[in-house]
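Peer 1: For this one, chain A is given, so just place chains B and C on it according to the hints.
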Amino acid sequence: MSDASLDLLSFSNPVFDSYAYWGAILVIKCMLMSIWTGYFRFKNHTIVNSEDLKIAEALGHRNVKLNTNDPDVERVRRGHLNDLENILPYLFAGLFYVLTNPSVGVASTLFKLAALARIAHTIVYTVIVIPQPARALTWFIQYFIAIYMAVSVVLYSK
Amino acid sequence: MSDASLDLLSFSNPVFDSYAYWGAILVIKCMLMSIWTGYFRFKNHTIVNSEDLKIAEALGHRNVKLNTNDPDVERVRRGHLNDLENILPYLFAGLFYVLTNPSVGVASTLFKLAALARIAHTIVYTVIVIPQPARALTWFIQYFIAIYMAVSVVLYSK
Amino acid sequence: MSDASLDLLSFSNPVFDSYAYWGAILVIKCMLMSIWTGYFRFKNHTIVNSEDLKIAEALGHRNVKLNTNDPDVERVRRGHLNDLENILPYLFAGLFYVLTNPSVGVASTLFKLAALARIAHTIVYTVIVIPQPARALTWFIQYFIAIYMAVSVVLYSK
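Residue numbers (the working numbering), protein chains in the order written: chain A, 160 to 317; chain B, 160 to 317; chain C, 160 to 317.
Only chain A is shown next, with the shape it has when bound in the complex (with noise of 0.2 Å):
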């Protein structure tokens, strides 16, 4: 059992390969709400910090104002606070659930939905608004996933 556990971590082993592969996926996809957040900042001509104003001119910006409430921008946060909540928790509970050696099957096809469906959920939530319950069904996957794993260790351990 201990020789077993030895390759766990390692791209050597398909179940860490397909978890950090589209863990990785996730943190891209994470970290690409910062420029998704800039993009409607710079549309909507509202900035946060006042030290932002004068370089935000020196662009060739007119009429930009110091705005925390712009509805596009506070709906691009929510998404971006959203992965953070969901993302990031799920990426420990994914590491220890590598660590339990689960079918290589299951796990990857668990890793990979996960991913798809965040992604999804960024999609119905920031880029195309979608009548509910899309938004609720891609968000419910990825939490039933990561609570599934998360279980799962707490059973495996001890």
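One or more hints might be untrue.
A pair holds if it fits inside one copy or across any two, identical chains being indistinguishable in the list.
Said to hold, decoys possible - Straight-line C-alpha distance at most 30 Å; calculated DSS-like pairs for lysine-lysine:
# : residue 1 : residue 2
1 : Lys188    : Lys202
2 : Lys213    : Lys224
3 : Lys317    : Lys188
Hint data in this document are derived by calculation from the structure and do not stem from the laboratory.
Peer 2: Here is chains B and C on its own, set in the frame of chain A:
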């Protein structure tokens, strides 16, 4: 030394087992804050995304208002953000700390204490609001453990 | 290859040692933002939870107001949230990157640079506010490193 370190990140290492067990509990606790927020949104008839109005009404909900400032909801959301600020960096510090090969007794006591302190923090902050210093104390216990582990890692490395 | 990967997540691997050292520094830096926020709440007589009023007065504090909109406090809180958005996903990308067995020179330079950039970001954002592009630049250095590591992981896996 190299040989001894091979098993550190596996459930056969009791230090890692304790870390992953209490870490998974904290992941679940942290993610349940979303449900807890949803409960107060439902109870107080308050939503934040306009596309959620229709589904709320379809579920038989009258008088739902767009509101980003409901006191109950905001309290739970502050508790959730406080979790992200404290639990997530701590889980990284804990992971690195496991690899410094600490004493089983000390490490597993700290992991358990930190998790129980965060559960208590959520209760006194968002379930039954208890006068200070209850919240400050529960916050501080886990905060101190996180800093202790991170400092241990800094001193151990190099 | 399997053999070579066994030691990657241990302090005897200089790439991991650098990752964990600078990672622990960032965990400490990130968590200190709570103290930094508390300092401005104290200085500006502003609290956010009603149950904190009594303890503030017991500590000899007069004229404490419930206020969720103090400019100094909000600036530090934006800095803190910016840390969560950038440091935490980066620490996952870095962990996976360590397992791709990168060159020690490149990897340890990137880990050091990313950590120093985030420390500088906090200083120019919340300690001594320096005109742009100081903040943008410090933000971008670590952001770019995080994306680079995540892309390396995506390309390495499979």
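Peer 1: Classify it for me, Lys213 with Lys224: is the Cα-Cα distance of at most 30 Å met within a copy, between copies, both or neither?
Peer 2: Within one copy, since 12 Å is at most 30 Å while 33 Å is not.
Peer 1: Is it within, between, both, or neither for Lys188 and Lys202, if the alpha carbons may be no more than 30 Å apart?
Peer 2: within (21 Å within a copy, 33 Å between copies)
Peer 1: If the cutoff is 30 Å on CA atoms, where do Lys317 and Lys188 land: within, between, both or neither? Let me know, please.
Peer 2: between (35 Å within a copy, 19 Å between copies)
Going through the hint list in order, the structure satisfies each hint without exception.
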